[in-house]
Structure formats: structure tokens, C-alpha cells
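Trainee: Listed below, chain by chain, are the residues.
Protein chains: 2
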Amino acid sequence: INAENIQQFRELFFELHPQDQLEIYLETSHSQRQKMYEYLSPEEFAEIFEELQIEDQKKYLLELNETYAQDMISHMSADNVADFLGEIHETKASAIIEGLEEKDAQDIKELLAYEEETAGAIMTKEFISLRASSTIKEVIEVLRQEGPDAETIYYLYVINEKFELVGVVSLRDLITSEPDSLVETVMSSRVVSVPTSEDQENVATLFKKYDFLAVPVTTETNKLVGIITVDDILDVMEEEATEDIGEFAASRGATDLTLSAFSAAKKRAPWIILLMFFGMITAGVIGQFEETLESVVLLAGFIPLIMDSAGNTGTQSLAVAVRSLALGQLEKKSLSKMVMREFGTGLMLGLMCAVTLMIIIPFLHGSVWLAFIVGVSIFLSLSIATVIGTIVPLAINKMKLDPAIASGPFITTVNDIIGLLIYFSIATSLIAYL
Amino acid sequence: INAENIQQFRELFFELHPQDQLEIYLETSHSQRQKMYEYLSPEEFAEIFEELQIEDQKKYLLELNETYAQDMISHMSADNVADFLGEIHETKASAIIEGLEEKDAQDIKELLAYEEETAGAIMTKEFISLRASSTIKEVIEVLRQEGPDAETIYYLYVINEKFELVGVVSLRDLITSEPDSLVETVMSSRVVSVPTSEDQENVATLFKKYDFLAVPVTTETNKLVGIITVDDILDVMEEEATEDIGEFAASRGATDLTLSAFSAAKKRAPWIILLMFFGMITAGVIGQFEETLESVVLLAGFIPLIMDSAGNTGTQSLAVAVRSLALGQLEKKSLSKMVMREFGTGLMLGLMCAVTLMIIIPFLHGSVWLAFIVGVSIFLSLSIATVIGTIVPLAINKMKLDPAIASGPFITTVNDIIGLLIYFSIATSLIAYL
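Quick note, the sequences are listed as chains A and B, same order. Just so you know, we're using our numbering here: the first sequence kicks off at 350 and counts up by one. Just so you know, we're using our numbering here: the second sequence kicks off at 350 and counts up by one.
Because the hints were derived from the structure by calculation, they are not lab data. Treat each hint with caution, since some may be false.
Since copy identity is lost for identical chains, a pair holds within one copy or between any two.
Derived DSS-like pairs: lysine-lysine, alpha-carbon spacing no greater than 27 Å straight-line [said to hold, decoys possible]:
1) Lys572 - Lys408
2) Lys408 - Lys686
3) Lys474 - Lys558
4) Lys686 - Lys558
5) Lys616 - Lys686
6) Lys557 - Lys474
7) Lys407 - Lys486
8) Lys615 - Lys557
9) Lys558 - Lys441
10) Lys452 - Lys686
11) Lys615 - Lys686
12) Lys441 - Lys384
13) Lys557 - Lys408
14) Lys407 - Lys558
15) Lys558 - Lys408
16) Lys441 - Lys572
17) Lys407 - Lys557
18) Lys686 - Lys407
19) Lys747 - Lys686
20) Lys384 - Lys407
21) Lys747 - Lys441
22) Lys616 - Lys511
23) Lys558 - Lys572
24) Lys407 - Lys615
Predicted model only: the values in this text are computed from it and were never measured.
If we strip away everything but chain A, and leave its shape as in the complex, we get (with noise of 0.2 Å):
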């Protein structure tokens, strides 16, 4: 495609979706890439360089010379030059703003400014706001010529003289309505709307609740700031699903498959090193039973049986627990009706499983003694490992700590540790009869 001819590579490349001439630009070497720059002005290649990742974004910038760079960036909506340039290095950064028009350098420090993860970062400034006194012809006449640039124009949002959000209007309602009528007849007054620092996670629960397209994003005097479109909440839905698996795995930030072999082991050594020396505190569990464990080796054998039962057991109640958080499902009175059920559930769990090894082990072993304490480990372990389970992500959740420490390891190797205990103990206070 890449041959010579200006005219018809622009021909055939912007037939194409964006999406897609995305993946040609990636796929291109480095001199096909200087070439597609002369061929495409900086506010074409805005549109591409948008929707690099931003890993992509740093690396490709620098091929730019500064003044097409400069160029470009002034064509990028608000908010990507914002998520941009909160990754790159502040004093180049401000550069780079400084080389902005007043108005757009104001809006990325006013989008830099608000904390990671909350509506006003996720917002875009590029919005149609109208008046109630409008006509609807009057509307879509604004419509017909800021159409183009804003990011939605299929909800429009409606405010007063002090910026203060007021209404919401579809264009749905628009087109269907009488082109003279005033947007005050057509408007609904009752709009949701999040304040800027709302949690992005709970900006998603209420896309799926309403099923919104947009929504608005105001201060806290309700001044209308920003909005927030349906395909953020699909990319906010995507990173919080990777977090959560991020936590089952004591892998956060490392199940990105473009890493080399040395940065993942790089990033994940902590945690398993971390967690090796929990295993170590195990170790030194087991070892205070030296005693016990040699007058009968046997007892070593139902080790990992205990761990794995308490483990897997905990870690099916961090299950429940994680996506309740993740689905807004919890109220406060909820919660303790939540341990209550998770102990329920253990208690029953654990009562067929001890049933089941008091039956078989005796088969396999002989020794009714054996079956009696692996039995009563597993019920008292079981119970106790969906209690923890639940109660340490609400609690975790609730004292806003980091969420981490509620990974499925921790809460499996605490479990592992309980319930050796408790066999333990069992079994040196009953070791006369084995």
C-alpha cells in the first residue's frame, strides 16, 4: 500500500476505520511511519495517536518533529492528552501544555488535576450543552455544526446561566418532537449525575443499572464539569475485571502479556517471595509439632489435604465476597447477614467433608482415631476459613486499605495456617490413641 502515491494511499486509508488504520500504522517500519507523517497532516495522524496505547504513545512521539507533535496534540480531545501526559515526565509535559491554546491547556490541567480512578479523570470536556430556552430547531441547528467534534451528541445536557446542570435531553427526544417546541418542554428535570470524585467503579454500576449512554459529571455546587461516554465505561469495566483477577492471583499489574520474561518476573517476585515466607511461618507451625509428627508420620500425609480444603474453601467466600463489591450489591445491613451466610455455608461444607473422611479414612488406614481427628480438623477449619473469607475484603474494603493484601493467597495461606493448627493440636492431644 505503502508505495508512492500520495493521492491513493489517502484514498484507500481513510476508507478504513480507525480502528484499523491503527493496525496498519503498528505494523509498519520505521520508514513507512515517516512517510505516513508527510502523508497525513497532524490532524489526521491526531486521530490515530489517540488511540495508541499510551506505552505506544511515548515511544512513537518521539519520532515526531516537534512542531507536526505540537500540532497534533492541539487536535486531540481533552481528556487522551490528559491520560497522556499524566504517564510522561512532568517538566516535558508542561512543555508541552505551554505550546497549547489557553483554552484546551486549561482544560488538561483542569482533567490532570483530579485523582486517578474517578469520574473526573475518566470525563471528556468535549460536550454539547444547551439552554432551556432554546428551540429544538434552534438545537439541531448547534448540532449540525459542533456535531462533528463533541463526543456524544446523542445526549444533551441542559443548564442554566450559572453552568448548573438543569436537564437531559436525547436527540431521540429531539427528533421526535415538534421542531418548535422549547428543549424546557421536552427536557426531564430528574438527571443523574456523579460529582467529579466519584469512584470510576461506581460510575460503571450506574451505566448498567440505567443503561446510559452518557452522563453527566458535575462539582460539587452542580456545575456541569464534563461527561463520561458508554466506551470508557467498557475500557473501566475491563481494567476493574483484570484488577479483581489481579487479586485471586497476587498478580496485579502483571498479566500484561507484552512484558518481557524478566519485567513479569521482575513484577511478580515480590508476592511469591512475600508469600514464600508466609509458607515459611507454616513451616515453623508444623515444626512446633516435631513431636507429635514423629510418633506418627502418618499425620504429615493430611497436610496438604487440610491446606487445600481450608484454602479452596476461603477462597470460593473471597469469590462471593469480591463481586458483591464489584457489583454495588452490598448495603450495610447486608454485610453481616453476608458472614452469616458464608459461616452457614462453612459449617455445612464442612460437616459433609469431615462425614466423608470419617467413612473412607478408616477403610484406607485403619485407625478410627485417624478418621475422628482429620474429621473434626476439616469441620472446624472449613467453618472458620469461609468466615475469613469474607470478612477480610469487606473489612480491607472498608478501611479503604489496599485491597492486595485481600488476595486469594493471603487469605489461603492464613487458612493454611489456621487450620494446620487446629489439626495439630487435635492430634497431640489425642496422640495416645493413635
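Given the coordinates of chain A, assemble chain B onto it according to the supplied hints.
Mentor: What follows is chain B alone, placed relative to chain A:
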């Protein structure tokens, strides 16, 4: 609110967002609900009923008298009716279908025929299609009339006389174009569509990639049969995230908070008991090495450490594989690259852990040989654990087997067994030095 005044109730009620109406409905008592059925027409109540969970739909349908119910169902959109009917008893479902108008009945039967979790099953039949030869003015007139009923009017699909999909035009394009121009000149003929049989997870990936608000669904012969809108995709992503978490915790379908402790235990017990039997295999492995253990009981202390480390490393690799599958990041050539990368990561993690242990253990236990045995075992088992954590989910995905077999606990158990086999084999062969 539910005093006695119909007029007043209806006024207040219809000012609310449908989702909030739903919440009020769910909080009312049986007799209050009976009053609501009187106050609201079947058509009005259909909108609330559509938003209910399927379980609740089943429950509340029984409260309605038959004519009211049938009338209400005829006002629901076909995809929602199909979802509901797919879950109730077949004879009852066909009785309801027979009560509907011919056209509606056919739509519903068609939707019911698609396999679950495919594009066909989640699509809606309420879409607006255009001819390329219409003028924009004509189209907007059509939207004015049909707009309120369609699922979305923001993306409109253009078909030819054979109902084949030939293009797409957004309402934004229509608004910003001359009223007299033809659809043909405005539409884009490069339209991305999905076949009815496409997996819903792949459809979600398309939405994320292209930031779609809607996507057309076609038959194998490119006939347009439905559309999928972004709000359905939010639900799909949520479902898939819950499934992924379930895979990690071996608790698929059991993260539902509304279950009683007993039914939660019943759903989870098969996993826990099955995994407990796996744990007994591990017990058997240890049993094989009873002699070794008897002579050096200290070895038992490191069982948890080996198990935990191998399990955690395998789970991290599983997280990488599961996320990559969910994000659709994997092409064929990158499969082996991914396994190789994980193996490399495993070698490095193993090396780090081994070195740490070889330094610490001599201080704690005074035995260089013990340190050597544990260190080498950790190194080998972590290297293998990453490969198993990666290959198993990929292989299962390729063979289209139930991914539950690839769940965290299973992989952990396999890695436990391998790790302990390595550990005890090395220990047995070096027992003379301990």
C-alpha cells in the same frame, strides 16, 4: 405514595426513571402490587416487568391474571420475552407464544432457537433499517414515527431489496448532512457485522475495540436479522467477569448473594469434595515417602512452603492466560511465545526463591543439604508450575472443553503434586546426607 388517589400516583410514578420505578415495585407488599396492576395499564407495566430479574419475573407473573399477563407480554420487546420464556417450562412458554400476534410470535421463536451466549441470543429485533435510495428528510420522518419503539436510533442500518446489509449511517451523520441528500451518499459501506452464531464474548471484544454503540447481526447469507446494543454488552462483560472469577475459585454459579447458606453449600460442595479427593492423592504421594519422612521428620515442615509457592506461581500464570483469552489478545503464533515467556518467568522466579532459601535455611536449621534439597525443589517446581498454569487453560480453550477444569484449585492441586514429588524424590536420594 400508594394511598388511594390513582391520578396522583400515576403522576408521581411516571416522573421517575424506570429503574427507580422498579425499585419501588420490588419494595411493595402483595396487596400494594395488586393495586399497582390496577393503576397501570399492561403496556405501562410491561416496561417495569422487562427490567426485572428472570427469577422475579417468574414469581410475579403468577400474581397477574391471564389476560393482563398476555397483554403485557405482547408489549414487551421480543428479546426480553425470549429470555424469559427460555427459562420457564416449555408447555407454558408455548401457551404464551400462541397468545401473541403472528409476527411477534415468530420473532420470539426465532430468538429462542439461537444457542445461549451467542450474538443471536442476545440481539434485539427492534431495529430500524433503511434503503440507500431514501433521502435524509424521509429517514428523519420515519424516525419521528418509529423512533420511540426501536432499541436505538443512533445507528441505522442500510439494506437492499434482499434484506442484505449494505451500509451503516449514524444519526450524527444524518443530522450534520443536507436534508435532501441520499442515504447512499452519507452511509459508510464498510460496516462491521457479526454472524448470529458468534460467541458473546467476541462481540464484547468488538465493541471495546471499535467503541460501538450498536452492531448489526446477520445470517450466513448477510441478511440483517437483528442488532446488539452497548447496554447488552455491559451485561455480557459483567457475566464474563463473574465467570472468570468463578474459574479462579471453583465456584461457578455460586457467587450469587441471594442464595441461602444451604443452597450455596449444595452448589459448592461438589467442588470442595472433588478437590478433597485430589488432596487425598497428594496424601498418597506423601505416603509413598513415609520411610524418608520417618528418618527426617524435619522434611514435613517444608511441605506447605513447596505447595504454596508452586500453587501461587501457577495461579499467576493462570491469571495471565485467562485475561489474555478474555481480552482476545491471543493469536496463534503468540501462543507458543506466551508459554515460552511464562517458562522464562518461572525459571527466574524459581532461581530467586531458591537462592533466598539456600541462604536462610542453613541459619534456621543448620543444614546445608536441607537448604540444597528445598532450593532445588523450589526451582524445578516453580518452572514447571508456570508452564502448567499457562498450557492447561489454553489447551482447554482450544479443545472447547468446560473451562472449569482449568480453574485455579485444579491447577494448584496438580502443581502441589508435582512439587511434592520433586521434593521427596530429591530428599529420598540425598537422605544419606541429612
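Trainee: At most 27 Å between alpha carbons: which applies to Lys384 and Lys407, within, between, both or neither?
Mentor: within (19 Å within a copy, 62 Å between copies)
Trainee: From the Cα coordinates, with 27 Å as the cut-off, is the pair Lys572 and Lys408 best called within, between, both, or neither?
Mentor: neither (38 Å within a copy, 43 Å between copies)
Trainee: Measure nothing new, just compare the shortest in-copy and cross-copy C-alpha distances for Lys616 and Lys686 to 27 Å and report within, between, both or neither.
Mentor: For Lys616 and Lys686, the Cα distance is within 27 Å only across copies (19 Å; inside one copy 38 Å).
Trainee: What label fits Lys474 with Lys558 when the C-alpha limit is 27 Å: within, between, both, or neither?
Mentor: This pair counts as both: shortest intra-copy Cα distance 24 Å, inter-copy 22 Å.
Trainee: Please sort Lys407 with Lys557 into within, between, both or neither, judging by C-alpha distance up to 27 Å.
Mentor: Intra 33 Å, inter 22 Å, cutoff 27 Å: inter-copy only.
Trainee: 27 Å Cα cut-off: does Lys615 pair with Lys557 within a copy, between copies, both or neither?
Mentor: Neither way: Lys615 and Lys557 sit 37 Å apart in one copy and 30 Å across, limit 27 Å.
Trainee: Treating 27 Å as the Cα threshold, decide for Lys558 and Lys572: within, between, both or neither.
Mentor: Within one copy only: 24 Å inside a chain, 32 Å across chains, cut-off 27 Å.
Trainee: Quick one: Lys407 to Lys558, C-alpha cut-off 27 Å, is that within a copy, between copies, both, or neither?
Mentor: Classified as between; 21 Å across copies, 37 Å inside a copy.
Trainee: Using 27 Å as the alpha carbon limit, work out where Lys686 and Lys558 are close: within a copy, between copies, both or neither.
Mentor: within (23 Å within a copy, 40 Å between copies)
Trainee: My question is about Lys407 and Lys486: at a cut-off of 27 Å on alpha-carbon distance, are they close within one copy, between copies, both, or neither?
Mentor: neither (44 Å within a copy, 46 Å between copies)
Trainee: Measure nothing new, just compare the shortest in-copy and cross-copy C-alpha distances for Lys558 and Lys441 to 27 Å and report within, between, both or neither.
Mentor: neither (41 Å within a copy, 30 Å between copies)
Trainee: For the identical chains here, do Lys615 and Lys686 meet the 27 Å Cα criterion within one copy, between copies, both, or neither?
Mentor: between (41 Å within a copy, 19 Å between copies)
The structure fails hints 1, 7, 8, 9, 10, 16, 21 and 22 (numbered hints given earlier, in ascending order).
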